[in-house]
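This is what each chain is made of:
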Amino acid sequence: MGDLILINLDIRYGREPIVQDFNLEVRDGEMVSLLGPSGAGKTTVLKAVAGLIHPQKGDIIIDGQPVQDLPPEKRNAVMVFQKPLLFPFMDVEQNIGFGLRMKGWYGLKIRKQIEEIMELTQLTGLGKRKVHELSGGQQQRVSLARALVLKPSVLLLDEPLSNLDANLRQRMRELIQDIQAETHITTLFVTHDQTEALMISHRVSLLLNGRLRQVGTPQDLFYRPSDPEVARFFGGCNFIQGKVKDGVFQSDFGHVPAPEINGNGHLLTATIRPEDILISSDSTFEVEAEIEKTNFEGSTTRIWVKCQNTRFVILTSESKFFCGQSVRIHLPSEKIRIFPSE
Amino acid sequence: MRSSHGTIASAAVITAVVLPFVGLMLWSFSNRWFYPDLWPQQWGLRAWDYVFGTAGSQILTALIQSLLVASVTAVISVIIGVPAGRVLGLYEFRGKNLISVVLILPVIVPPLCVAMGLHLWFIKMGLAGTFLGVVLVHLTFCLPYSVFVMWGVFSNYNPDYEDQARSLGASSSKIILRIMLPMTFPGIVVAGLFSFLLSWSQYLSTLIIGGGRITTLPIILFALMGSGDRPVAAAVSLVFVVPAFFALLFSARYLGGRSITGVR
Chain A
3 MGDLILINLD
13 IRYGREPIVQ
23 DFNLEVRDGE
33 MVSLLGPSGA
43 GKTTVLKAVA
53 GLIHPQKGDI
63 IIDGQPVQDL
73 PPEKRNAVMV
83 FQKPLLFPFM
93 DVEQNIGFGL
103 RMKGWYGLKI
113 RKQIEEIMEL
123 TQLTGLGKRK
133 VHELSGGQQQ
143 RVSLARALVL
153 KPSVLLLDEP
163 LSNLDANLRQ
173 RMRELIQDIQ
183 AETHITTLFV
193 THDQTEALMI
203 SHRVSLLLNG
213 RLRQVGTPQD
223 LFYRPSDPEV
233 ARFFGGCNFI
243 QGKVKDGVFQ
253 SDFGHVPAPE
263 INGNGHLLTA
273 TIRPEDILIS
283 SDSTFEVEAE
293 IEKTNFEGST
303 TRIWVKCQNT
313 RFVILTSESK
323 FFCGQSVRIH
333 LPSEKIRIFP
343 SE
Chain B
351 MRSSHGTIAS
361 AAVITAVVLP
371 FVGLMLWSFS
381 NRWFYPDLWP
391 QQWGLRAWDY
401 VFGTAGSQIL
411 TALIQSLLVA
421 SVTAVISVII
431 GVPAGRVLGL
441 YEFRGKNLIS
451 VVLILPVIVP
461 PLCVAMGLHL
471 WFIKMGLAGT
481 FLGVVLVHLT
491 FCLPYSVFVM
501 WGVFSNYNPD
511 YEDQARSLGA
521 SSSKIILRIM
531 LPMTFPGIVV
541 AGLFSFLLSW
551 SQYLSTLIIG
561 GGRITTLPII
571 LFALMGSGDR
581 PVAAAVSLVF
591 VVPAFFALLF
601 SARYLGGRSI
611 TGVR
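Here the protein sequences line up with chains A and B, keeping their order. In terms of my numbering, the first sequence opens at residue 3 and continues consecutively. In terms of my numbering, the second sequence opens at residue 351 and continues consecutively.
To be clear, the hints were calculated from the coordinates, so they are not data collected in a lab. In this text, a Cβ means the ideal position worked out from N, Cα and C, and glycines have one as well.
Within a straight-line C-alpha distance of at most 30 Å, the following computed DSS-like cross-link-like pairs (lysine-lysine) qualify: (1) A/Lys132 with A/Lys153; (2) B/Lys524 with A/Lys76; (3) B/Lys524 with A/Lys105; (4) A/Lys85 with B/Lys524; (5) A/Lys130 with B/Lys524; (6) A/Lys111 with A/Lys132; (7) A/Lys105 with A/Lys153; (8) A/Lys105 with A/Lys85; (9) A/Lys111 with A/Lys76; (10) A/Lys59 with A/Lys85; (11) A/Lys105 with A/Lys132; (12) A/Lys105 with A/Lys76; (13) A/Lys337 with A/Lys247; (14) A/Lys153 with A/Lys76; (15) A/Lys132 with A/Lys85; (16) B/Lys524 with A/Lys111; (17) A/Lys114 with B/Lys524; (18) A/Lys132 with B/Lys524; (19) A/Lys245 with A/Lys308; (20) A/Lys130 with A/Lys153; (21) A/Lys153 with A/Lys114; (22) A/Lys85 with A/Lys114; (23) A/Lys153 with B/Lys524; (24) A/Lys295 with A/Lys337.
To list a few chain A residues with every Cβ distance to chain B over 12 Å, as calculated: (25) Glu18; (26) His186; (27) Asn240; (28) Arg304; (29) Trp306; (30) Val329.
To give an idea of the chain B side of the interface with chain A (calculated C-beta under 8 Å), a few residues: (31) Asp510; (32) Asp513; (33) Gln514; (34) Ser517; (35) Leu518; (36) Gly519; (37) Ala520; (38) Lys524; (39) Ile529; (40) Pro532.
Chain A on its own, in the form it takes in the complex (with noise of 0.2 Å):
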């Protein structure tokens, strides 16, 4: 259907830059969802693909074509917003087709798609309701119809699932995986809740303060964080420091080979998600600790350990540790992942 290539983005508003060297490629019939906190600039690319923004430099390709000086209606990208935005005095059939219409085709002609694309997004039999009549999910999928009737080559996503509770924003995230599945739509998919981006996306990008951390599988950016601030918005609590040593990473709490590590003596951080540390109570492993702290969360209990001068946070599902109780702690070797130097 489609692919999408940015080549280095640069957006201003006025003078204050919001992306800036912004490089992504969205092959054909792939899902990436576009990371990051709110205010990194996530929507301002998405905007910019769609041609609602212009960008001060660079390159926007899409079907190998470049289009930075076609206007948004000429564009092969529909862009989907946070809110709905249906339009108020047309009814449900008329929302969905408003685009086919926009192209000049009327009648029988996209009677048909409509049909299609209101079962594809289970919403047949409410194609004459109001707008208002709507439920917010309901919503949302009209509002996601809208912009899937046009098959266009990239299809744009700005948090489609925000505005939903819970419940609904898992069946919603469900419903746009199956739909991704079937039509294989090239999506961008942008969101601030990681647990989505991991899984609803083949692969993700991070976007942290208008700039580009890093690309990969979710399971690349999940337990291979290119640096710290990537592991901390992936919820990484635990960094130790350590030095490197004859391709060997030495910190108080363990050594891990680090072939792929040059350089001697230089003072390095790594870091190991909280799940990973191994905590007991007896003296299976060789590192005490004292616990400071416990917080029940359901099936995992988050523990704050203070183990010489440095705090731990633990995930662990066992339930029995209190307060003040002297433990012993283990990080697998192989769990630890170790930042080249920054």
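Using the hints provided, position chain B relative to the given structure of chain A.
Okay, now just chain B, sitting in the frame of chain A:
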């Protein structure tokens, strides 16, 4: 409690709206009605006979003239009011407060001053005594209202709808026709109606700028009032009220509970 509130409300409505009409009706169907009687001494159709017969063509011409002036004024007022209101409602820029002061000036300054002041210039420009001149002077009173109404409408207007439409393939002209105008239509009706009614009831400015050549209904009405023929003045007043009344009825649904932007 509720019913007593209802009674007070309907009493207020009747006193303010219906009672004056009762007086007018009575006057228009009387031939003789002198103080201190509460009821006309002699009923008759003399006034209506005059309105539809003797002065029929004169009043019809004035009616058409009034309709033309008011319609043209309302249309121009909306055509200017919509883009002006859009800019004021959607964008932040310096001098916005100054604009609102300037806009409200013709409303604060007595119409007599505005009309007299403009008269001199209009004579120089050859606009005095012309249809265009009268429309222009009416616009000085109507524009503030339509700009303010549209300003309010666009303050509640979400331009994301236009971006969404554009992304769905709508060109600029289609966005204006298919999105912006329908979304703001109730507001446009209000602005147009305001302007129409304001222009419809202008007397002083029409008299000064029109210089007797543009005879709208109020001009004739005031002439009849001055002549002291109460029944005829009452009948012409009723004719004067009818179009405005219909315009109001026609658009009443837009003035009421329906939200101006049309969005929940």
